[in-house]
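Chemist: So the sequence lines, in the order shown, correspond to chains A and B. If you read the first sequence in my numbering, its first letter stands for residue 2, the second for the next number, and so on. If you read the second sequence in my numbering, its first letter stands for residue 2, the second for the next number, and so on.
Note that these hints are calculated values from the structure, not bench results. As the structure is a computational prediction, the values presented were derived from the model and not from experiment. The beta carbon of each residue, even a glycine, is placed where N, CA and C say it ideally should be. Hints should not be assumed to be uniformly reliable.
[Stated by the list, open to error] Label-pair restraints from in silico Cβ distances:
| id | chain 1 | residue 1 | chain 2 | residue 2 | range |
| --- | --- | --- | --- | --- | --- |
| 1 | B | ASN101 | A | ALA117 | 55 to 61 Å |
| 2 | B | MET59 | A | ALA90 | 39 to 45 Å |
| 3 | B | ASP206 | A | LEU152 | 47 to 53 Å |
[Said to hold, decoys possible] Some, not all, of what chain B presents toward chain A, calculated at C-beta under 8 Å:
| id | residue |
| --- | --- |
| 4 | ALA7 |
| 5 | ILE11 |
| 6 | ALA14 |
| 7 | LEU98 |
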Amino acid sequence: MRLWRLYLVTILVLILQIGFIPALRPFGVVPDLALALVVSVGLAGTASAALAVAVAGGLLLDLTSGADFGLRLGLFALVALVTGLVHRAGLNLMGPVVALALVAAATLLGDLVVLANIAGTVGAWPIGELLRRLTVEIMLNLGLTLLLRPLVNWAVASDGGMVSLG
Amino acid sequence: MNRSKANRRIYLAVGIGGALAVAGLLGWLGPLRWVYDHTVVPVSSGLATAGSTASEAMSNLGQIRQLAADNQRLQRENADLRQRLAADAETRRDNDLLRNQLGLEVAGTPQQVAAEVVAFQPDSYRQFVTINKGSSSGLKPGMAAMSQGVLVGTLSDVQAGTAKIMLVADPEFKLAAKDQDTNALGILQGQLGNGLIMDKIGQTDTVKPGDTITTSGLGGLVPAGLFIGQVQAVNAPENEIFQSAQISSPLQINHLRFVFVVLSQ
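Given only the sequences and the hints, what does the whole structure look like? Please build it.
Modeler: Structure below.
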């Protein structure tokens, strides 16, 4: 693995995730490119590389967020560990299906944790609107995961001196 | 690399992550926040502007068909506002004259600090923005932020060079507000679906659609009279102690680029 490629892709994705995507807010939601990166690195690369990306990305997003400090760091670390287990079990060879399933599950979990944190203060729950946002967010995250795959594969590709991590 | 070495790396990463999360929750990430403010914020600022410009362009494209109708509505609104402005100027002159005669202090305009929006909240449910001014510019938590004459939110977390604004549409936002037309008081609250509601309005108070809602100035660092929005609908169940009103704000969160923080007097 050429580390500079992974650093480059990680920095690019995190800058887009912090600056551009939340300002663009397509269809009123904020898609999670950083989550797609963590899952893709965990499946195509190694668990430790995914964890490093998870800690850096989670921390940056938590510093940008006005609430729920530690939520993204914890979620991304958990996702990196799960993708590491999936990788060790050899399920990463099944194509993009596993990555998509992991991203969808992590998006759902992340949203549920954010909503659980404000459950005590929310007066009314617009269920239809929440379901719409969740569905759109999952669809966008799945699309971003597919778009990111070639870039991540390039970033973690072996160049003869690849370091294979568990 | 063997598995035990890989496992050690994983434990190390989890340990670092856990330590950072705990340090952040305890407020011990001051130096890291300083680094973030001086490295990430300048880069994300340009991208945030690009993102909101793109979002505005997309939104404009979708609204082209409504432009003619909007234009007519705005012309009517403009004529109405000109009329009200003329009436207000007359009232202000009378007010100043009476205050002078009674020896009362004439209320001044609060000082404002202009700031640029450099980052938006990275999730779909909470509503915060980060601005590029902080305590070094005299900002304090609880101060009000305005944009285009509308209340945007209040400062929730102030660092030396940056501050976070909890927007009025955040589900945890709460502020004392009043109906400027009837003086009815209530609590303004953000809603999950991005709407605004004015709750805890007494059943004996009068609130009707079209009324102007402003800050009440009761408690905190937010001065009275800052425009919030207009009453859209009123919900007054007969057997409840309070009534509530749906408020429409002209604020468009992802088009925010500049805000003005109102310094408390």
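Chemist: Compare the structure with each hint and give your call.
Modeler: Here is how each hint holds up against the structure:
1. B:ASN101 with A:ALA117: 55 to 61 Å: 57 Å, holds
2. B:MET59 with A:ALA90: 39 to 45 Å: 42 Å, holds
3. B:ASP206 with A:LEU152: 47 to 53 Å: 58 Å, violated
4. ALA7: 3 Å, holds
5. ILE11: 5 Å, holds
6. ALA14: Status holds, d = 4 Å.
7. LEU98: With Cβ-Cβ at 45 Å, over 8 Å, it is violated.
Figure legend: structure checked against the earlier numbered hints; hints not met, in rising order: 3 and 7.
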